[in-house]
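Peer 1: In terms of full-length UniProt numbering, the sequence shown has 23 at position 23, counting the first letter as 1, and numbering is strictly consecutive.
Please note: incorrect hints may appear among the correct ones.
Ranges between beta-carbon positions, derived for each pair [stated by the list, open to error]:
(1) ASN2 / PHE28: 38 to 44 Å
(2) GLU21 / MET1: 22 to 28 Å
(3) SER22 / MET1: 34 to 40 Å
Honestly, the hints are just simulated from the structure, not real lab data.
Glycine included, C-beta positions come from ideal geometry on N, C-alpha and C.
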Amino acid sequence: MNRSEKIIMNEMTYWKNLMIESNQTIAFFG
Numbered sequence: 001m002n003r004s005e006k007i008i009m010n011e012m013t014y015w016k017n018l019m020i021e022s023n024q025t026i027a028f029f030g
C-alpha cells in the first residue's frame, strides 16, 4: 500500500465514523 492509498483509507474511515456518529445523534434526538 502506498502513501496516498493509506491517506485515502484514513479519510474514508474518518468520514464513515463521522456519518455513523451523526446518524446515532439524529436517531437519539429524533
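Peer 1: GLU21 and MET1, beta-carbon distance inside 22 to 28 Å?
Peer 2: Distance hint for GLU21, MET1 holds at roughly 26 Å.
Peer 1: Does the Cβ-Cβ separation between SER22 and MET1 fall within 34 to 40 Å?
Peer 2: 28 Å, violated
Peer 1: Cβ-Cβ distance between ASN2 and PHE28: within 38 to 44 Å?
Peer 2: Holds: the Cβ-Cβ distance is about 39 Å, inside 38 to 44 Å.
Consistency note: the structure conflicts with earlier hint 3 alone.
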